[in-house]
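Given the coordinates of chain A, assemble chains B and C onto it according to the supplied hints.
Protein chains in written order, with my numbering: chain A, 704 to 987; chain B, 5 to 569; chain C, 1040 to 1375.
What the hints contain is simulated information worked out from the structure, not anything from laboratory work.
Careful, some of the hints might be misleading.
[Claimed, not checked] Anything over 12 angstroms on all C-beta distances counts as not near chain C; from chain B, calculated: (1) 54; (2) 241; (3) 327; (4) 472.
[Said to hold, decoys possible] Derived BS3-like pairs (lysine-lysine); straight-line CA-CA distance at most 30 angstroms: (5) 502(B) to 30(B); (6) 1337(C) to 556(B); (7) 295(B) to 205(B); (8) 1166(C) to 1221(C); (9) 556(B) to 295(B); (10) 353(B) to 295(B); (11) 1166(C) to 472(B); (12) 1281(C) to 1166(C); (13) 1104(C) to 353(B); (14) 1337(C) to 1306(C); (15) 1221(C) to 295(B); (16) 1281(C) to 1310(C).
By construction, the Cβ of each residue, glycine as well, lies at the ideal position given by its N, Cα and C atoms.
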Amino acid sequence: MAEMHSTDHNPDLAPHFETIDQQRQSSRLGMWLFLVAEILFFGGLFCVYVIYRVNQPEVFTFGHQFLDKNLGTLNTLVLICSSLTMAWAVRAAQLRQRMILTLMLVLSFLLAGTFLGVQYVEYSHQRQNALLVASQLAPDADIPAEVQPEEAISASVEGAPDEAPLEAPMVEAVDPGVSMIAPAAAGPAGLATAADRLAAQAERDLVNVDPAGAKTFFSIYFLMAGLHGFQVLLGMIAMLWLLKLTFQGAFDGGHSIKVGNTALYWHVAVVIWIYMFLLMYLID
Amino acid sequence: MAEGHSAVVTPMSEGASGDNYLTTGKGVLSWLFTLDHKRISVMYMVAILSSFLFGGMFALLVRTEMLTPGATIMTADTFNKMFTLHGVVMIFLFIIPGIPAALGNFVLPLMLGAKDVALPRLNLLGFWCWLTGATVCMVSIVVGAVDTGWTFYAPYSTTTGTAVVSMTLGALILGFSSILTGLNFIVTIHTMRPEGMTWFKMPLFVWSLYSTAIIQVLATPVLGITLLLLIAERTLGVGIFDPALGGDPVLYQHFFWFYSHPAVYIMILPAMGIISELVSVFSGKHIFGYKFIAWSSVAIAVFSFLGWGHHMFTSGQSPLVNVIFSALVFGVAIPSSLMVFNWLATMYKGAISLAAPMLYVLAFLFLFSIGGLTGLFLGALSTNIHLHDTYFAVAHFHYLMFGGTVIAFLGGIHYWWPKMFGRMYSEFWARISAALIFVGFNLTFFTLFVMGSHGMPRRYYNYLEVFKPYQQASTVGSYLLGLGFMIMAYYLAQSLLKGEKAPENPWGGASLEWETASPPISRNFEHEMIGLDPYDINALELSSDSGSYIRKDPSSILLTQAGGE
Amino acid sequence: MILTGLFDVMTRLIRVPEDGGATFWMPPQGSTIAGEVDWLFNFILGISVVFFVLIVAVMMVFVVKYRRREGRETASPSPSNNTLLEITWMAISIMLVVIIFFFGFKSYLNISTPPANAYEIQVAGQKWDWSFTYPNGYVDQDLHVPADRPVELVMTSVDVIHSFYVPAFRVKMDVVPGRFTKTWFEATMPGEYDIFCAEYCGTGHSDMSAMVIVHTSGEFGPWLEKASNFLLTMTPEEGGRKLYEIRGCQQCHSVDGGPRTGPTFFKMFGKEETLADGSIITVDEAYIRESVLEPNAKVVAGFEPVMPTYQGRLRDDEIAALTAYMRSLDGKMGEE
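One chain only, chain A, in its complex shape:
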């Protein structure tokens, strides 16, 4: 290959590469580096978590009981399954099994959607919990816009619009349009019931928890869950894109690097969630 343009050109080979192997290596290394950067991005948040956990352990044991372990476990299982289906998708692409590839991508996409749906339910729980905690601990606390319901909904709803049935009854009782700024006692009836339950649950811990600290716990939780949700959303977009390519027959030649990279990205997203699950839900 002394000349820059060879005539027997592989359609999968971008013009600036010499061999398909070089192209595959580049693309794989690029993805790994991207993931390293991404892990460091989350690493910053985990760092914040560790620092506040060490400084205020009581806040975290107090805060984590407001998180729903069952939903968390369900979500972990859902993501692990999706990891499996993505791995299978890579295998299918390598073996040029178009049908299985399509099926696996669709399954992964649906599982990811389920995850976001469950997250949405969990998120709306926490929105109230954060609010209740704050209003109990500090009656005059200035509840920030983070508990405004609209934006949380719009953030997660587009990922999984069909997940409403999973909502817990308690959540349904709350009209998202109602202002959450008011103290619990002044809220609608459904909210007051929830307040009673949680107040009883939290009473024994209230004494030694600094309200600002409790707020910090939820701040970190919301940020982590939100960013991770965004990552999942990006993964779902990538899956759709792969599906489109599959229909176009792009993987019929066994050139599976794009599927492989998406799977890699997805596995990292799953691992990050598992860490979040361990650190936020299973504190004891």
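Showing chains B and C alone in chain A's frame:
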């Protein structure tokens, strides 16, 4: 393979007469959506130099305000915005992307004999990120600007009434641009090297870009999350940094400097790489201590991650932590001093040409030495306590960033200009401008050392009467600097319009970028290259009729059965 | 020749006057640690100048001697690496750096460890002034200290980060909201020195200055005595106003009628107030006195019972002065 090898003897001649990367496509869109690393690099160059112009204007306004204590031409609030904008624009828009994105993008694939970077789409995406980030920053300036200083320290930044959210969002997006550039370079260097170019046959500029890229990929995400947390704190009331919300402002500083300390090496490492190239070529001699320089750049990248706490000796962190960071931060002095030694040794017994790029090398050695040595004062604990947050630190920083990075950047621009645009510039005006910049720079910033060690704090609108002569000298110096740059803009513009046609290899560089036409053809090379020793200057000789350096054995560099061994 | 000339200039630049006065590089030495810091500064300066002169001189000699010119178009053959030289250079750098670190570390230990018998003063930074609280509760806008006695500052900020910096003492420490930071110094020479804020804090950053006034050790006690008893030298109204400013009243009570945590003092004296339990009282000397000593006994309706007691913290004459000040806020004197 099919074509005959007879055309191979003068590989550059074909491109020079025909199409080149500048002329192959017409119209704005052919630029904005190009995947050609050379075009992206030119766009970066235009964008980055415009930012430099902006940042420089802010600097001149700041210096003008400093002519007298108290109000001279603006209010305190305007002044605070001016120095913040100077910092933000210069750091995030100009100097971090500067050498890697504008020069590295152009030269790196050429030095590797490659047709492009490994991931051209990401390269373009990086440029678009830069544009978006820059636009957001501009919007932020229009809607009221920021008055926090470029460091965005909490809780000032979380409580001030200025446009912090949009500005930090802009910086966040610019961070992605930086990550993409770094990622791309690492992949390119790993996978696109030509046959024969082992790691230790790479040009040192490539080594420096590699070290830089590692920092970009590993440190920038932390800046991203820091700025994101800051934005969340301002918009959602999340309490991470503001003590009023239960946060810790010192934590912000840790996060910020975890990125921004390595970031100063993102700024200086590529500059060191340029100097390594230039000093060898203009001394007409093989670089001295190649492996030591290569390892030094990697060592600097490693040390860069260990020094962040030295910005925080007075922050209230524990004295033990201070001691550890002081010990670690000195580590970076060793590889840096080693590089200076090797550059000097390269000049020994050379045939030193004093062309414009070499003048910048000499200026760099002078200024970088001052910048580096004054770092010792700031690394040592007890002197740091006195000098921290004073003009001394400002002067130290500018001696390294301006005297180091910008001067090397200018050297690099003058060195690769003929390759990039196929035109020569006026050597006479280049020398005048270099001299003005050198004198102006020292006048501007050396005075700051003296004021700083006397206790003049930085970011001061008002100051004691005793500092007035120094301040005024500094301002005069900054005007000289501005004049120097105006002259440069003039002769470079003239060069583009009616400069003499540049030969393929006007300086005698032995690395692969000189083996193609000036300006290069779109796919870079007519023929595949092999990697030889990039500092084997003696393999070239000046051809008297073309004014270009040519290889004594032109086929030795080609990957053919005959020349490729 | 050039080198000796430079050496001469250099020694002149790093000369330290015997009396601790200002040099080309450094402000006067006003504290016990200043000498140590300056010594290290000059030590590093010496090393730096030597290396800088060496680098630039070698560079200039090479440029002149090996310039590309007729008869010298190409470089003379010379080796392109020499591991021994590199290692030697590295060893020298490491040695120097270790020495510098060691001296920095040694003097830093002194800077960061306040002596046990230090005189403690509380410092509060806020946009854009300083306040210094003495052990007896007296607050001043400038920092008065005795000479030849270690003074420890315990500092915090009420808003953003500031930094307490006295160039003459070579002392600097950030003043951080939500934390207490400490620094100390021992002034050696009576006189006045500048205090700067070194951490950027907004509009008035460069005007956030104050003075350290160093008294001879015999004068400090009497000064504090006199300053603390400002009631003796001021009218009761003026004294009350100062107390209002320095003893924390103004955080919760306005004097212009504006709302704060507590009732405003404006036109309060003589007014009839409804209490939380519905009863009505007149604000007079007795009620003010009671509210200072037992603040939550009779709380005006609409306000929370949150005021801390001043029992034992304000003397009778001080309460009287405060009352006189409140009385003067009748809207007629145009004081606000």
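Checked hints:
1. Once the 12 angstroms rule is applied to beta carbons, residue 54(B) is consistent with being away from chain C; the minimum gap is 27 angstroms.
2. Consistency note on residue 241(B): stated as away from chain C, and its beta-carbon is indeed over 12 angstroms from all of that chain's, at 16 angstroms minimum.
3. With a cut of 12 angstroms on Cβ distances, residue 327(B) falls inside the contact zone with chain C, its closest approach being about 6 angstroms.
4. With 12 angstroms as the threshold on Cβ separation, the claim that residue 472(B) sits away from chain C holds: the shortest Cβ distance comes to roughly 14 angstroms.
5. Note on residue 502(B) and residue 30(B): the hinted pairing holds, with a Cα-Cα distance of about 20 angstroms set against a maximum of 30 angstroms.
6. For the hint linking residue 1337(C) to residue 556(B), the alpha-carbon distance of about 102 angstroms lies beyond 30 angstroms, and the restraint is violated.
7. With a C-alpha separation of about 10 angstroms, the suggested pair residue 295(B) and residue 205(B) falls inside the 30 angstroms cut-off, and the hint holds.
8. At most 30 angstroms may separate the alpha-carbon atoms for a hinted pair to count; residue 1166(C) and residue 1221(C) meet this at roughly 20 angstroms.
9. Between the alpha carbons of residue 556(B) and residue 295(B) the distance comes to roughly 26 angstroms, so the proposed pair stays at or under 30 angstroms and holds.
10. Between residue 353(B) and residue 295(B), the direct Cα distance comes to roughly 20 angstroms. Compliance with the 30 angstroms bound is thereby established for this hinted pair.
11. Distance restraint check for residue 1166(C) and residue 472(B): the Cα-Cα separation of roughly 26 angstroms lies within the 30 angstroms cut-off, and the hinted pair is therefore satisfied.
12. The suggested pairing of residue 1281(C) with residue 1166(C) holds, with an alpha-carbon distance near 19 angstroms, which does not exceed 30 angstroms.
13. Our distance criterion of 30 angstroms between C-alpha atoms is met by residue 1104(C) and residue 353(B), whose separation comes to about 8 angstroms.
14. Distance hint between residue 1337(C) and residue 1306(C) is fulfilled; the C-alpha atoms sit about 19 angstroms from each other, no more than 30 angstroms.
15. Our distance criterion of 30 angstroms between C-alpha atoms is broken by residue 1221(C) and residue 295(B), whose separation comes to about 47 angstroms.
16. Of the supplied pair hints, the one linking residue 1281(C) and residue 1310(C) holds, its CA atoms being roughly 23 angstroms apart against a limit of 30 angstroms.
Consistency with the previously given hints fails for numbers 3, 6 and 15, ordered from lowest to highest.
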